[in-house]
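Visitor: Quick mapping for you: the protein sequence lines, in order, are chains A and B. Okay, so the first sequence: first residue is 30 according to our numbering, each after it adds one. Okay, so the second sequence: first residue is 2 according to our numbering, each after it adds one.
It is possible that some hints are incorrect.
[Unchecked claim] DSS-like cross-link-like pairs, simulated, lysine-lysine; straight-line CA separation at most 30 Å:
hint	chain 1	residue 1	chain 2	residue 2
1	B	LYS32	A	LYS198
2	A	LYS198	A	LYS110
3	B	LYS225	B	LYS32
4	B	LYS187	B	LYS32
5	A	LYS198	B	LYS11
6	B	LYS120	A	LYS198
7	B	LYS187	B	LYS122
8	B	LYS122	A	LYS198
[Said to hold, decoys possible] Pulled from the structure, derived: some chain B residues nowhere near chain A, Cβ distances all over 12 Å:
hint	residue
9	HIS92
10	SER108
11	SER133
12	GLY145
Keep in mind that the hints were calculated from the coordinates and are not lab data. Where a beta carbon is used, it is the ideal one built from N, C-alpha and C, also for glycine.
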Amino acid sequence: MADILSMSFFRNALIMGGLLSLLFGLLSFFIVIRRMTFLGAGIAHTAFGGVALGVLLGVHPFLTSAVFCVLSALLIGRMVKRETLTYDTAIGIFFALAMALGAIFIALRKAYTFDLSGYLFGNILGVTSTDLWLTAITLMLFIPFYFGFFHKLLFASFDDRVASTSGVKSDRLESALLVFLALIIVVSIKMVGIILISALVVLPASFGLLISRDYRTVITASILFTLVTMSGGLLASYFLDSPAGATMVVLGALLYFITLLFTQSR
Amino acid sequence: MENSPAIVFKNATVTYGDFVALEHINLSIKKGEMVSVVGPNGGGKTTLLHAVLGFVTPASGSIQVLGQSPQQVQPTGRIGYLPQANAVNRHFPVSAWDVIAMARHSSQPFGQRLNTEDKLKINAALQTVGMSDHRRHHFGSLSGGQRQRVLIARALAGEPELLILDEPSTGLDAVAQDSFYQLLQKIRNQRGITILLVSHDIGTVSGFVDQIACLNRQLHYHGKANDCLTAEIVKKTFGDHMHVLVHDERCTTCGDAHG
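Turn these sequences into a full structure, and let the hints steer you where they fit.
Guide: Encoded structure:
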């Protein structure tokens, strides 16, 4: 164990895992109870276009993918609110468009030194101290928003229209939540990968909802689930010599299904 | 009970594209009154409530709610709103107390917790609707009638001047319906709140409200529930296939309502 911790890339990955556990553990609750889980998958995939653009322009992919994801999230939210499109249609279009743009940007880059697999499936070797700082800053912004507006978000998630007649600015809160969803996805891309991120959006709160009908317990369980999944997945990937992001997702899915079987047999 | 109107529709027409949902509606509801809008499905009942709540804007005419436009009054918390029962997610991980507390949290500044006064108001609302013993129960595990009571308590905890209910008795059996409407009468009498509700069950609701408004895109009748509701009005509102069978004391004075 000491051997593993002596490796700086593994330490970085563990710290990143801890930060992401808090971010996804908290975020997942609102995404799942608002039935926006497909949005998580959709926005994660739009990040691909942003990452590819960043690589093409020689800009840090965090910046370009953040712009892609935040804009996609806000545009999807706006279109659905105005009933221009349904969620699944809007997500489907943005998802495909951003992936297509990503493919074009990669093709435009003549020298092929782009770690495509790392961005799609995650690569813990790629987690740098800059990534840790960006994730920590995202967490520092997210925590005050989350707990400061928690009960208003809860009301708006339970009953959007009633919340707005009670003075809750539901639309603004939803937009802010979508921006954080986009940013949290972007900071986790290197660790987990674009394709696997949706599991971290869906599984934590879904697990929490299996074991409790009290939101406080659901959120606590959601954070612990992500912590166990990420740290356990990292360790398992080291010993099994398997891809870390994929191992975390498999471990999380296993935990979920075992709990599902246990709770349904009661 | 004040006589100034809580809600005024002046020749209001509401459209969705080419579809006219409400046509030339003139309606005035006094403060402290309990009024039910009745009519067939698709007759514009919910649209009328949404117009009062400011969710839709009239294409022509005007609407005033508590002396302001619906859009002005909507974010103030002066209106308590109970949507249709199916609008609420029963799997949401909250207790009856949590649901009612939402109303108090909605007016809290950033990050502030509930104070003693808030908690007292939540308890008072629970007591008013007779749900104090169920405060810690999961909201989705309660019966349909109990959930409606909790949602009423949430509206009351926000101390509204106007309570709007969309098909509140849907899914309730006859006994639970009577009990629910009695609760609304008690709330109106104790707190002087104006209550506007929508129902397609003209028979049950007319025994509990002060006035009814018969709506099928146009307003065909607005008056006391105990006055004569003629067969002609009922046919205009609900269509020719509607048969009315009156069983109560109004039989003796309203013979033309029989069908």
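Visitor: Quick check for students: does the CB of B:GLY145 sit more than 12 Å from each CB in chain A?
Guide: Given a closest Cβ separation of 16 Å, the condition holds.
Visitor: Is the nearest CB of chain A more than 12 Å from the CB of B:SER108?
Guide: 6 Å, violated
Visitor: Going straight from one Cα to the other, do B:LYS187 and B:LYS32 come out at no more than 30 Å?
Guide: 16 Å, holds
Visitor: Over 12 Å to the closest beta carbon of chain A is the bar; see if B:SER133 clears it.
Guide: 19 Å, holds
Visitor: Run the distance test for B:LYS120 versus A:LYS198: straight-line Cα separation, threshold 30 Å.
Guide: Between B:LYS120 and A:LYS198 the Cα gap is close to 23 Å, so the pair holds against 30 Å.
Visitor: Would the hint linking A:LYS198 and A:LYS110 be met if the CA-CA limit is 30 Å?
Guide: Answer holds: A:LYS198 to A:LYS110 is near 14 Å, not above 30 Å.
Visitor: Assess, step by step, whether the Cα of B:LYS225 is no farther than 30 Å from the Cα of B:LYS32, and give holds or violated.
Guide: 15 Å, holds
Visitor: Can you confirm whether the C-alpha distance between B:LYS122 and A:LYS198 stays at or below 30 Å?
Guide: Holds, at about 23 Å.
Visitor: Next pair to validate is A:LYS198 with B:LYS11; report whether the Cα-Cα distance is within 30 Å.
Guide: Holds: A:LYS198 and B:LYS11 sit about 29 Å apart, inside 30 Å.
Visitor: Verify the proposed pairing of B:LYS32 with A:LYS198, using a straight-line Cα cut of 30 Å.
Guide: Holds - the C-alpha atoms of A:LYS198 and B:LYS32 are around 27 Å apart, at most 30 Å.
Visitor: Would the non-interface assignment of B:HIS92 survive a Cβ cutoff of 12 Å against chain A?
Guide: 7 Å, violated
Visitor: Hint check: B:LYS187 vs B:LYS122, CA-CA at most 30 Å. Holds or violated?
Guide: 17 Å, holds
Consistency with the previously given hints fails for numbers 9 and 10, ordered from lowest to highest.
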